[in-house]
Amino acid sequence: MNKAEINDQVTSYRRFLWKAVRDATDGSAWFYAWMILLTALALVGLHAWAVQVRDGLAVTGISDHVSWGLYIANFTFMVGLAAGGVMMVIPAYLYHDREMHDLTIVGELLAIAAIVMSICFVVVDMGRPERFWHMFPLVGRFNWPVSMLTWDVLVLNGYLALNLHISGYLLYKRFLGERPSPKWYVPFVYLSIFWAISIHTVTAFLYSGLGGRPLWNTALLAPRFLVTAFIAGPAFIIVLLFILRRFGGVPVALRPVQILVNIVRVTLLINLLMVASELFTELYSGGSHTASGHYLFFGLHGANALVPWIWSAVAMGVISAVMFLRPDVVTKPIWLTVACALAFAGIWIEKGMGLIVPAFIPSTLHEIVEYFPSLMEWQITAGIWAWGMLILTVMLKIALPILRQPHPEPNHAVSRENASVEADLPPSLAHSQR
Amino acid sequence: MIETSEQTNAPEAGGMDRRTALKVLGATLGAAAFSQAIAPLTEWAENMSLDEYLQKHYRELSPVDLAMVMARMEKQTKEQTGVDVHIQDYRPQPGVKFGYALNLSVCVGCRRCAKACHIENNHDRPSGNSYIRVLEMEKGSLDLAKGRVNYDHPVPHPDKFYMPVQCQQCDKPPCVSVCPVEATWKESDGIVVVDYNWCIGCRYCEAACPYHARRFNWTKPQVPAAEINPDQGYLSNRLRPQGVMEKCTFCLHRSRQGKLPACLEACPTGARVFGNLLDPESEIRWVLKNKRVFVLKEDVGTQPSFFYFFDE
Ligand code: SF4
Ligand code: SF4
Numbered sequence: 500m501n502k503a504e505i506n507d508q509v510t511s512y513r514r515f516l517w518k519a520v521r522d523a524t525d526g527s528a529w530f531y532a533w534m535i536l537l538t539a540l541a542l543v544g545l546h547a548w549a550v551q552v553r554d555g556l557a558v559t560g561i562s563d564h565v566s567w568g569l570y571i572a573n574f575t576f577m578v579g580l581a582a583g584g585v586m587m588v589i590p591a592y593l594y595h596d597r598e599m600h601d602l603t604i605v606g607e608l609l610a611i612a613a614i615v616m617s618i619c620f621v622v623v624d625m626g627r628p629e630r631f632w633h634m635f636p637l638v639g640r641f642n643w644p645v646s647m648l649t650w651d652v653l654v655l656n657g658y659l660a661l662n663l664h665i666s667g668y669l670l671y672k673r674f675l676g677e678r679p680s681p682k683w684y685v686p687f688v689y690l691s692i693f694w695a696i697s698i699h700t701v702t703a704f705l706y707s708g709l710g711g712r713p714l715w716n717t718a719l720l721a722p723r724f725l726v727t728a729f730i731a732g733p734a735f736i737i738v739l740l741f742i743l744r745r746f747g748g749v750p751v752a753l754r755p756v757q758i759l760v761n762i763v764r765v766t767l768l769i770n771l772l773m774v775a776s777e778l779f780t781e782l783y784s785g786g787s788h789t790a791s792g793h794y795l796f797f798g799l800h801g802a803n804a805l806v807p808w809i810w811s812a813v814a815m816g817v818i819s820a821v822m823f824l825r826p827d828v829v830t831k832p833i834w835l836t837v838a839c840a841l842a843f844a845g846i847w848i849e850k851g852m853g854l855i856v857p858a859f860i861p862s863t864l865h866e867i868v869e870y871f872p873s874l875m876e877w878q879i880t881a882g883i884w885a886w887g888m889l890i891l892t893v894m895l896k897i898a899l900p901i902l903r904q905p906h907p908e909p910n911h912a913v914s915r916e917n918a919s920v921e922a923d924l925p926p927s928l929a930h931s932q933r
Numbered sequence: 083m084i085e086t087s088e089q090t091n092a093p094e095a096g097g098m099d100r101r102t103a104l105k106v107l108g109a110t111l112g113a114a115a116f117s118q119a120i121a122p123l124t125e126w127a128e129n130m131s132l133d134e135y136l137q138k139h140y141r142e143l144s145p146v147d148l149a150m151v152m153a154r155m156e157k158q159t160k161e162q163t164g165v166d167v168h169i170q171d172y173r174p175q176p177g178v179k180f181g182y183a184l185n186l187s188v189c190v191g192c193r194r195c196a197k198a199c200h201i202e203n204n205h206d207r208p209s210g211n212s213y214i215r216v217l218e219m220e221k222g223s224l225d226l227a228k229g230r231v232n233y234d235h236p237v238p239h240p241d242k243f244y245m246p247v248q249c250q251q252c253d254k255p256p257c258v259s260v261c262p263v264e265a266t267w268k269e270s271d272g273i274v275v276v277d278y279n280w281c282i283g284c285r286y287c288e289a290a291c292p293y294h295a296r297r298f299n300w301t302k303p304q305v306p307a308a309e310i311n312p313d314q315g316y317l318s319n320r321l322r323p324q325g326v327m328e329k330c331t332f333c334l335h336r337s338r339q340g341k342l343p344a345c346l347e348a349c350p351t352g353a354r355v356f357g358n359l360l361d362p363e364s365e366i367r368w369v370l371k372n373k374r375v376f377v378l379k380e381d382v383g384t385q386p387s388f389f390y391f392f393d394e
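For the protein sequence lines, the chains are F and B, in the order given.
Going by my numbering, the first residue of the first sequence is number 500, and it counts up by one from there.
Going by my numbering, the first residue of the second sequence is number 83, and it counts up by one from there.
Treat the hints with care, since some could be wrong.
[Unchecked claim] Derived CB-CB ranges, DEER-like: (1) F:Lys518 <-> B:Phe116: 41 to 51 Å; (2) F:Pro807 <-> B:Asp171: 24 to 34 Å; (3) B:Val231 <-> F:Thr780: 49 to 59 Å; (4) F:Trp529 <-> B:Thr124: 30 to 40 Å; (5) B:Lys160 <-> F:Trp529: 39 to 49 Å.
[Unchecked claim] Straight-line Cα separation of at most 20 Å, SDA-like style, residue types lysine to any residue; simulated pairs: (6) B:Lys268 <-> F:Phe641; (7) B:Lys302 <-> B:Glu128; (8) B:Lys138 <-> F:Gly748.
Keep in mind that the hints were calculated from the coordinates and are not lab data.
Just so you know, even glycine gets a beta-carbon here, dropped at the ideal spot from N, CA and C.
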């Protein structure tokens with residue numbers, strides 16, 4: 500590559516970035532309202548976090564007894580969501596499903612937003628966030644390979660980089676109006692599929708390796724993590740596709756939705772089976788090793804803060820599983836959205852409050868100290884969610900022109916109302932169909 | 083909002099400019115709100131020096147560096163509390179491995195050890211923190227689930243026995259292996275320590291410890307100036323910063339000088355036996371040889387250096 504070519508590349512890359520900024524900040528009144536709402540929430544969370552850093556984690560409900568709470572619960576959930584985002588990729592590439600192909604980018608962008616959120620949740624959980632550099636190689640002391648947490652840091656950052664590369668590359672090529680060269684992204688896509696499994700497995704090992712916490716000390720933890728990821732990710736994407744169709748004029752084909760629905764149908768049932776077997780163990784074996792599980796489902800010595808949470812999660816799981824069984828569910832957007840929302844919320848409770856918190860109750864010396872998240876914790880949590888949605892919205896806005904292209908087989912398309920949207924496409928992005 | 087929607091619907095000439103103006107306005111407002119939101123961070127950063135921020139890991143500090151660090155901390159304490167404290171770096175002695183044994187037949191559950199720890203180690207006063215928790219146990223059972231820490235009646239109760247629990251200085255300490263930044267480690271005399279200036283406050287070690295032995299500084303610990311213990315060890319009872327982990331160190335600032343831990347000295351019944359496991363003549367070795375000792379939660383494989391026994 501000679502100098503002029505490099506210059507060309509740099510200029511067009513700069514144009515790409517500039518266009519991205521413009522696309523990301525232009526939109527309808529709804530769009531602005533949405534962005535302002537998210538920004539406000541994110542700022543409230545940021546302020547709460549600043550206060551927490553100044554005054555200490557005493558502003559949370561976490562204690563020496565329950566030393567991880569809402570933050571780590573959300574962290575765990577986010578890792579699952581990130582892994583689940585890539586679910587879109589598997590059918591597309593493994594089965595060469597063309598319709599899924601374009602939509603995989605939605606999954607990858609979701610994965611990016613979810614990883615960013617998961618990293619935020621780790622940072623806000625730290626007592627000394629400014630010492631983050633202690634983890635960096637060379638200047639810090641990275642306790643690798645002994646500490647599982649260092650593995651998690653590596654795989655999460657690797658996953659983030661992978662997904663940034665894949666989606667960034669695809670978008671940039673589209674912007675140039677060129678066909679993406681498979682050798683620059685297909686190997687990475689395969690890698691990201693395995694990587695998605697690894698981020699979640701390693702996160703499960705974070706917990707299951709701790710001998711002093713019987714609730715986590717089960718080989719079932721990693722498989723259960725994966726199954727729940729395969730519920731939350733696809734459920735979120737299904738709803739997201741409906742939103743993109745409604746507000747973004749993106750044509751959504753039936754087939755990808757059908758594939759996602761099939762995945763969720765199965766994983767919801769597998770997960771219910773796992774919950775049921777856990778419940779059975781609690782009921783049947785008893786003893787102090789099952790005290791945490793007992794506390795979670797039935798309460799222990801009058802302490803029962805988590806009981807309503809977990810039973811709502813179970814109820815949501817059962818209801819959504821039944822709703823998903825309806826054969827024509829794909830053609831019923833509202834019904835399907837409700838089912839997805841229930842499944843998503845159920846997993847959020849189950850994997851967050853239902854998995855992290857009860858491991859600390861009773862404590863290792865069998866004291867029963869309950870945990871109630873403080874207002875500050877909720878603010879910070881909501882702030883990070885808002886921040887993540889902000890990132891996702893902006894990224895989707897940039898990707899929108901690509902997503903709006905009609906699909907090769909028109910009879911599959913659910914939505915045909917994208918003609919008018921196509922009209923105001925910026926010329927540089929309204930490239931020809933190949 | 084209404085104005086914005088008009089904008090979107092009517093992209094007449096100059097509309098772009100007004101839109102850009104609105105964006106700039108929005109960005110300015112956002113920036114102002116942002117700086118307001120992070121204001122507490124600025125307050126907090128004012129109390130931290132660059133030296134403190136860039137300080138290296140304890141084991142990478144040269145003796146000169148460490149002396150400077152300790153002098154800086156002494157000066158800081160003087161400025162903040164007016165108290166002259168003396169911080170020293172007590173090193174493990176060769177040929178020493180500490181062990182602790184506790185006679186459950188004579189412990190009466192008075193909690194004086196816990197109190198002594200509270201004072202000796204400059205613990206946070208409002209929370210009444212201590213590295214020791216005394217469990218009131220059901221006679222005839224070692225099931226921790228039947229124990230209680232918050233008993234509140236004259237002791238000893240005839241139907242109970244008492245079991246103080248503190249850091250067991252495990253030979254296979256899970257708290258050490260999980261730490262992502264090596265801020266906690268086991269020293270050659272068996273004591274597991276924390277570098278309070280290196281810990282990032284992730285509390286993974288607290289989740290990993292099977293004995294509830296770790297304590298986190300949820301806020302800056304408060305000790306009235308008159309009550310500060312001025313004889314301080316760098317790795318033990320010096321005043322801790324906010325947001326870091328701490329734990330029992332067998333009072334290394336005492337034990338490494340040949341003194342006994344504060345909890346042992348405070349015990350009115352002589353239930354506690356402390357000494358060098360490598361010295362065949364030590365009392366702790368006598369106990370291990372002649373009493374039927376056991377360790378807590380042997381099944382989790384932590385291999386404690388803390389032993390319990392009964393007289394009978
Ligand atoms: S008792 Fe807990 S803190 Fe102490 S060495 Fe063992 S695991 Fe670590
Ligand atoms: S809280 Fe501190 S000592 Fe404990 S694991 Fe985290 S960094 Fe290490």
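Consistency of the hints with the structure:
1. Taking 41 to 51 Å as the suggested C-beta distance range, the pair Lys518 (chain F) and Phe116 (chain B) does not conform, at roughly 25 Å.
2. For Pro807 (chain F) and Asp171 (chain B), the Cβ-Cβ distance of about 52 Å falls outside the hinted range of 24 to 34 Å, so the restraint is violated.
3. Hint check: Val231 (chain B) to Thr780 (chain F), Cβ distance near 28 Å, so the stated range 49 to 59 Å is violated.
4. Taken as a hint, the range 30 to 40 Å holds for the pair Trp529 (chain F) and Thr124 (chain B), whose Cβ atoms sit roughly 36 Å apart.
5. Roughly 60 Å separates the CB atoms of Lys160 (chain B) and Trp529 (chain F), a value that falls outside the hinted 39 to 49 Å.
6. Straight-line distance between C-alpha atoms of Lys268 (chain B) and Phe641 (chain F) comes to about 17 Å, which keeps the hinted pair within the 20 Å bound.
7. With a C-alpha separation of about 15 Å, the suggested pair Lys302 (chain B) and Glu128 (chain B) falls inside the 20 Å cut-off, and the hint holds.
8. Restraint check: the Cα-Cα separation between Lys138 (chain B) and Gly748 (chain F) comes to about 55 Å, which exceeds 20 Å; the hinted pair is violated.
The structure does not agree with the numbered hints 1, 2, 3, 5, 8 stated previously, though it agrees with the rest.
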